[in-house]
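Chain residues, written in single-letter form:
Protein chains: 2
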Amino acid sequence: MKFSNFFIPTLKDVSSDVKMKSHELMIKSGMIRQETSGIYSWLPLGYRVLKKIINKIEKIHDEGGVNQILMPTIQSSDIWKISDRYETYGKEMLRITDRNKKELLYGPTNEEMITAIGRQYIKSYKTLPRKFYHIQSKFRDEIRPRFGVMRAREFLMKDAYSFDIDEKNAEITYHDFYKLYLKIFEELNIPVIPVRAPSGEIGGNLSHEFHLIVESGESEIFIGEDVLKKKFNELSYKEVLDLKSFTDDYYKQTNFTEKLKSYKSIEIAHIFLFGTKYSSSFKFDVDSDKGKFKPFMGSYGIGVSRIPAAFIEYSNDKNGIIWPHSIAPFSIQLINLLTDDNQCLDFCDKLYIELIRNGFDVIYDDRTERPGIKFSDADLIGTPIQIIIGNSLKKNNEISIIKRKEKVEQKININEINNYLSNMLRKVI
Amino acid sequence: MKFSNFFIPTLKDVSSDVKMKSHELMIKSGMIRQETSGIYSWLPLGYRVLKKIINKIEKIHDEGGVNQILMPTIQSSDIWKISDRYETYGKEMLRITDRNKKELLYGPTNEEMITAIGRQYIKSYKTLPRKFYHIQSKFRDEIRPRFGVMRAREFLMKDAYSFDIDEKNAEITYHDFYKLYLKIFEELNIPVIPVRAPSGEIGGNLSHEFHLIVESGESEIFIGEDVLKKKFNELSYKEVLDLKSFTDDYYKQTNFTEKLKSYKSIEIAHIFLFGTKYSSSFKFDVDSDKGKFKPFMGSYGIGVSRIPAAFIEYSNDKNGIIWPHSIAPFSIQLINLLTDDNQCLDFCDKLYIELIRNGFDVIYDDRTERPGIKFSDADLIGTPIQIIIGNSLKKNNEISIIKRKEKVEQKININEINNYLSNMLRKVI
Numbered sequence: 073m074k075f076s077n078f079f080i081p082t083l084k085d086v087s088s089d090v091k092m093k094s095h096e097l098m099i100k101s102g103m104i105r106q107e108t109s110g111i112y113s114w115l116p117l118g119y120r121v122l123k124k125i126i127n128k129i130e131k132i133h134d135e136g137g138v139n140q141i142l143m144p145t146i147q148s149s150d151i152w153k154i155s156d157r158y159e160t161y162g163k164e165m166l167r168i169t170d171r172n173k174k175e176l177l178y179g180p181t182n183e184e185m186i187t188a189i190g191r192q193y194i195k196s197y198k199t200l201p202r203k204f205y206h207i208q209s210k211f212r213d214e215i216r217p218r219f220g221v222m223r224a225r226e227f228l229m230k231d232a233y234s235f236d237i238d239e240k241n242a243e244i245t246y247h248d249f250y251k252l253y254l255k256i257f258e259e260l261n262i263p264v265i266p267v268r269a270p271s272g273e274i275g276g277n278l279s280h281e282f283h284l285i286v287e288s289g290e291s292e293i294f295i296g297e298d299v300l301k302k303k304f305n306e307l308s309y310k311e312v313l314d315l316k317s318f319t320d321d322y323y324k325q326t327n328f329t330e331k332l333k334s335y336k337s338i339e340i341a342h343i344f345l346f347g348t349k350y351s352s353s354f355k356f357d358v359d360s361d362k363g364k365f366k367p368f369m370g371s372y373g374i375g376v377s378r379i380p381a382a383f384i385e386y387s388n389d390k391n392g393i394i395w396p397h398s399i400a401p402f403s404i405q406l407i408n409l410l411t412d413d414n415q416c417l418d419f420c421d422k423l424y425i426e427l428i429r430n431g432f433d434v435i436y437d438d439r440t441e442r443p444g445i446k447f448s449d450a451d452l453i454g455t456p457i458q459i460i461i462g463n464s465l466k467k468n469n470e471i472s473i474i475k476r477k478e479k480v481e482q483k484i485n486i487n488e489i490n491n492y493l494s495n496m497l498r499k500v501i
Numbered sequence: 073m074k075f076s077n078f079f080i081p082t083l084k085d086v087s088s089d090v091k092m093k094s095h096e097l098m099i100k101s102g103m104i105r106q107e108t109s110g111i112y113s114w115l116p117l118g119y120r121v122l123k124k125i126i127n128k129i130e131k132i133h134d135e136g137g138v139n140q141i142l143m144p145t146i147q148s149s150d151i152w153k154i155s156d157r158y159e160t161y162g163k164e165m166l167r168i169t170d171r172n173k174k175e176l177l178y179g180p181t182n183e184e185m186i187t188a189i190g191r192q193y194i195k196s197y198k199t200l201p202r203k204f205y206h207i208q209s210k211f212r213d214e215i216r217p218r219f220g221v222m223r224a225r226e227f228l229m230k231d232a233y234s235f236d237i238d239e240k241n242a243e244i245t246y247h248d249f250y251k252l253y254l255k256i257f258e259e260l261n262i263p264v265i266p267v268r269a270p271s272g273e274i275g276g277n278l279s280h281e282f283h284l285i286v287e288s289g290e291s292e293i294f295i296g297e298d299v300l301k302k303k304f305n306e307l308s309y310k311e312v313l314d315l316k317s318f319t320d321d322y323y324k325q326t327n328f329t330e331k332l333k334s335y336k337s338i339e340i341a342h343i344f345l346f347g348t349k350y351s352s353s354f355k356f357d358v359d360s361d362k363g364k365f366k367p368f369m370g371s372y373g374i375g376v377s378r379i380p381a382a383f384i385e386y387s388n389d390k391n392g393i394i395w396p397h398s399i400a401p402f403s404i405q406l407i408n409l410l411t412d413d414n415q416c417l418d419f420c421d422k423l424y425i426e427l428i429r430n431g432f433d434v435i436y437d438d439r440t441e442r443p444g445i446k447f448s449d450a451d452l453i454g455t456p457i458q459i460i461i462g463n464s465l466k467k468n469n470e471i472s473i474i475k476r477k478e479k480v481e482q483k484i485n486i487n488e489i490n491n492y493l494s495n496m497l498r499k500v501i
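Same order as they appear, the protein sequences are chains A and B. Add 72 to a position in the first sequence, counting from 1, and you land on the number used in the working numbering. Add 72 to a position in the second sequence, counting from 1, and you land on the number used in the working numbering.
Honestly, the hints are just simulated from the structure, not real lab data. Only a predicted model underlies this, so the values are computations on that prediction, with no experimental measurement involved. The reader is advised that the hints may include incorrect statements.
[Unchecked claim] Where chain A lies over chain B, by a calculated footprint (3+ residues, C-beta under 8 Å):
(1) 101–115
(2) 136–144
(3) 183–197
Heads up, the beta-carbon is just placed ideally off N, CA and C, and yes, glycines get one too.
When you get a sec, could you build the whole thing from the sequences and use the hints?
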């Protein structure tokens, strides 16, 4: 992608309302734009990050045999009256009246709707388990939306739902999702910690959240000494339950005698096993050879549009964002410092094509801007590798390669480029 | 994908409210489910079709240098008051009041928001042209939602927007989108006809719609004798304007002396060149060496979630849907008629893996249902190729291949399968 054809409206300053580093960097790097309080557009650079996260979530869910669907954003109040949450959900629910005076709402979550879907079609125990997911906008009318997309009113969520024949099978499904989530975050290079949580308004008796430890986080988690050394995805169901790793609420509720270490953190995913709470209120009966039963359900959410902000909060420096290859909008930023020099122009154009041919995600800064602006933009948007072409090419047949994270510059003779690239390729793709 | 792991809740009967063939077939084949009036969920089979359409639209837009973004569904009334459409849009606009009594709305389209975005960031003529697209839910509160996803209230739309320095450049961009749309529909195997249209509530003076000719269509288009023979994507801008191919409205407004032939049709896309209508009301000024100017804009929409319905309306028979490979949820339906026979089971399992390894999208009917149900489900959901394994395998080492469209059965000896598949592969992928 050529910078000149790709809209990255970087900004020098942001409004004084912007209090959180990730919010500031997302606005400055032209990733997002606030449209109104708590409601954001994702601009091209931000959308690329979001898309990489979505693609990974889809891939791992598909591999896990979870069926992708798409439920609508607007729901009828009818189904929320069945579960009794229409009244109890409170003011965060965006209530809407249509032209025929029918009560609608913008879905804050989809337990009710998926239960209505299951109830219509799932008739026999033979077709269970069933697992569904969708990636859809949600709306929660926060009283004080803040921190950009971290606590937005309209946000993108991946929510999955499961139906099982009994509690034991539902626990297996829950554990499968626990591992599936760890796999997603591992492949995204986001080091989350699973923590036990109370199940709150969704109901039920088993729940975990996935947190990213960050100084500036709004949440607090409590962790036993050896927890951070564990390989979470290798834990058995029993070990998952025994893990000394808790949300603030859970830790305080349960009066642990042992004192655990606390960390500030950001919640980015949440799973629930709530059993028959919704299948009961929906009178959702399934036939089996032992008579009718209510299926056991769980729900599993990932705060998709919160992840870029959470990760930036975790990984930045004074110059900007530091992306890993897994979610970087681009892997390589090719910077031509001498756009009016034919030799440099020609070299860059060829290298750009060569990099693309090798499968790299490249942004090619072909603008006629000053070097200072190109460097600061590259650091700000956080591309993992910068390749710089300028005077060294003309003098010594050399180009510079800077790794964004380490900020270490390496000069390479142009004869070594192919070698260097194929080494890099092995690491990056 | 194994049928047993993939949720396809086919139904025998539909409600008597269902009047249109595509609506009936989408409900019967388990593609969609109505959640409330004019609001649908896309179930796994339907979502696969939608996803293939989305992927193609994204690919062609990306290749065309159009930057993908994601604007929110919920908008502030403020920007709609600037364009004066907050009052004029009428009752189809879903108006919402949030907990702080702020007036919001569910976006029926995004001209206002993209103009606000452009106005903030686009300061110099040097950065023009700019082209953006997003694929996002829209809501139009139709008084009488009907025909399933064909005329839903919540629907998925791809909308693109362009900014140019003057009318001449805007016309070039408009013509580029005209060709880009034809390319999308060509690759999707949907034979659309571009027709000139009045520009209506969006404003401006140039507009085309893309229609699919279908007996049951709600629209009517008027076409000159030689139009259907044209290669639309090869037309110059002047030829585009001269083409005798019009919407009903346009034809009647312009009092043609020549009588054109009329066809019933379904509109699936619409492009507008509206010039400075929104940049003027937003006081959106851009600098140039000749002073300030208002950018020339266009917008370009595709009714993404309407396409599956429109195509089904165009391509079905008494047994169900007839998909082309381009948008079929699966390309091959592998049907095992003898699931309790080890030889057949073993053969099918191996063939299934072989087909996947060759890159085919396969649905493997591994259910223990009667042959009649498997055949009628396969015809209903419309998979282009059915591969049937049963008694012929045991007796003569033969399998059957049925092409859904032609309904022609071909017997093939199992030694010829590899050959047959590699031939098919060349045609399908």
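For each hint, the structure was consulted:
1. 101–115: With 10 residues closer than 8 Å to chain A, the segment 101–115 of chain B meets the three-residue bar; holds.
2. 136–144: holds (count 7)
3. 183–197: Check passed, 5 qualifying residues.
Violated hints: none; the structure is consistent with every hint.
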